[in-house]
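*Asks:* These are the residues of each chain, in order.
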Amino acid sequence: MTITKATLDAFIDDHLNEQDSIRVEKAVRESQELNTLLKSIIASRDMGDHSIGAIWRREHLSCPTREELSSYKEEALDPQRIDYIKFHLETVGCKACKANLSDLICTKNSLTNPDANEKHQQFLENSKILLPKKV
Amino acid sequence: MVSLDENMLVKKIQKGDQLAWSDLVLRYEGRLTNYAQGKIKDHASCQDLVQESFLGFLANINNFDASRSIQSYLFGILSNKITDLLRSYGRLRTVETPVDSSGNQKSSPYIDPAMGASTWYRGDEKKKLENDALIKGLRLLINQLVQRKDYLKLKSIELIFVNGLSNLEAANILGIDNKTVASHRHYANNFIIDNLKKMNLSPSVFPHLSEQDQD
Ligand SMILES: [Zn+2]
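First to last, the protein sequences are chains A and B. Sequential numbering of the first sequence, starting at 1, is according to our numbering. Sequential numbering of the second sequence, starting at 1001, is according to our numbering.
Hint data in this document are derived by calculation from the structure and do not stem from the laboratory. For every residue, glycine included, the Cβ atom is placed at its ideal position computed from N, Cα and C. Incorrect hints may appear among the rest.
Stated by the list, open to error - Across the chosen pairs, the derived CB separations fall in these ranges: (1) A:S40 <-> B:Q1147: 56 to 66 angstroms; (2) A:K73 <-> B:H1043: 34 to 44 angstroms; (3) B:N1062 <-> A:S21: 32 to 42 angstroms; (4) B:D1194 <-> A:E118: 53 to 63 angstroms.
To be verified - Once the Cα atoms are required to be at most 25 angstroms apart in a straight line, the calculated DMTMM-like pairs of lysine to aspartate or glutamate come out as: (5) A:K98 <-> B:E1169; (6) A:K95 <-> A:D78; (7) A:K119 <-> B:E1169; (8) B:K1149 <-> B:E1169; (9) B:K1149 <-> A:D20; (10) B:K1136 <-> A:E74; (11) B:K1081 <-> B:D1048; (12) A:K26 <-> A:D46; (13) B:K1039 <-> A:D103; (14) B:K1041 <-> A:D49; (15) B:K1039 <-> A:D20; (16) A:K73 <-> B:D1005; (17) A:K5 <-> A:D46; (18) B:K1136 <-> A:D20; (19) A:K95 <-> A:E125; (20) A:K98 <-> A:E30; (21) A:K5 <-> B:E1169; (22) A:K128 <-> A:E118; (23) B:K1081 <-> A:D78; (24) A:K98 <-> B:D1017; (25) A:K95 <-> B:D1042; (26) A:K86 <-> A:E74.
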């Protein structure tokens, strides 16, 4: 694995898989050069400069829609699109889409758990006071 | 992309509509909880983090940028909360995490815990415009490739930009020639540069656009 500026950028966003992440972490600890590069990326971000990768990841620019993921699950899309979504999930490893897909697959909603459901209802009730006042 | 439906939901919440708020929470709670559970095993902690993310969203509802998707925004807030929690457990990769005089870890050296539209563009209005232009260009590029079903090119540039791989690594994964990946990267860079120029912005504000491969 070549550690480039773009790799460090993906590392900052916690986008790398576990194995690569550990590799990068170790490399950054051992190399002053990489450590400095990492810090310079962080500093640029603090100034509002973001790389293409950071923007792409943050805005989920290539993520399929929820509706598409639902059709993907049913294999009701054109084969090329199915192949791409599989790539996006498995090779790119998009964690947001994985979470979305497992939410679609999981028929047993976590809210069927009485404790979780009570907490959920309580949250809805309590958070209402933070809603802007009706106009 | 932001749907009309989402915009309507935000507008209703901004007017204090309780049903719209419940609808939003129900709509996004499952996927956010799954996302958190991918990183934190304790279900109760996950639920807390998700709820805090919703509260963060609500607290900033009047500043919500309508061009952003609610999902991306919520995932952004949540992932920073997760990072903070893991760091407090000492479990997250911390690269020289600063320590204060009492030996407590200071907050993340590289992730803003309250990342949102406002802090992301902490610089100035000019930077926000530049970043918005880049987002627009990338959207156009991705849409074009999807419309043309040019998925190979999309896969190449996604591996390079999003996963930070070198041309060679991307080529190996895709089972194609290194030069083909380089041409895909070149295509993407030119597309984005042309787009920035059309918007009267100088591509020099994004130095990474001129960076070729680092193999
Ligand atoms: Zn995705």
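*Asks:* None of the hints should be skipped; say for each whether it holds.
*Replies:* Outcome of the hint check:
1. A:S40 <-> B:Q1147: 56 to 66 angstroms: Roughly 37 angstroms apart at Cβ, these two residues miss the hinted range, so it is violated.
2. A:K73 <-> B:H1043: 34 to 44 angstroms: Roughly 24 angstroms apart at Cβ, these two residues miss the hinted range, so it is violated.
3. B:N1062 <-> A:S21: 32 to 42 angstroms: Holds, since N1062 (chain B) and S21 (chain A) (Cβ atoms, about 37 angstroms apart) stay within the stated range.
4. B:D1194 <-> A:E118: 53 to 63 angstroms: The hint (53 to 63 angstroms, Cβ to Cβ) holds, given that D1194 (chain B) and E118 (chain A) are roughly 55 angstroms apart.
5. A:K98 <-> B:E1169: Since the Cα atoms of K98 (chain A) and E1169 (chain B) sit roughly 23 angstroms apart, the hinted pair holds (cutoff 25 angstroms).
6. A:K95 <-> A:D78: With a Cα-Cα distance of about 23 angstroms, the restraint between K95 (chain A) and D78 (chain A) holds, given a limit of 25 angstroms.
7. A:K119 <-> B:E1169: violated, 46 angstroms
8. B:K1149 <-> B:E1169: holds, 23 angstroms
9. B:K1149 <-> A:D20: violated, 30 angstroms
10. B:K1136 <-> A:E74: violated, 31 angstroms
11. B:K1081 <-> B:D1048: holds, 10 angstroms
12. A:K26 <-> A:D46: Roughly 24 angstroms separates the two Cα atoms, so the pair holds.
13. B:K1039 <-> A:D103: At roughly 15 angstroms apart (the allowed maximum being 25 angstroms), D103 (chain A) and K1039 (chain B) satisfy the hint.
14. B:K1041 <-> A:D49: With Cα atoms ~34 angstroms apart, K1041 (chain B) and D49 (chain A) exceed 25 angstroms; violated.
15. B:K1039 <-> A:D20: Given that 25 angstroms is the threshold and the Cα spacing comes to 16 angstroms, the pair holds.
16. A:K73 <-> B:D1005: Roughly 23 angstroms between the alpha carbons, so the hint for K73 (chain A) and D1005 (chain B) holds.
17. A:K5 <-> A:D46: holds, 16 angstroms
18. B:K1136 <-> A:D20: violated, 30 angstroms
19. A:K95 <-> A:E125: violated, 30 angstroms
20. A:K98 <-> A:E30: Measuring from Cα to Cα gives roughly 33 angstroms; hence the hint is violated.
21. A:K5 <-> B:E1169: Distance ~15 angstroms between K5 (chain A) and E1169 (chain B) Cα, so the pair holds.
22. A:K128 <-> A:E118: At roughly 16 angstroms apart (the allowed maximum being 25 angstroms), E118 (chain A) and K128 (chain A) satisfy the hint.
23. B:K1081 <-> A:D78: Outside the cut-off at roughly 37 angstroms; violated.
24. A:K98 <-> B:D1017: violated, 31 angstroms
25. A:K95 <-> B:D1042: Holds, because 18 angstroms separates the two Cα atoms, which is no more than 25 angstroms.
26. A:K86 <-> A:E74: holds, 13 angstroms
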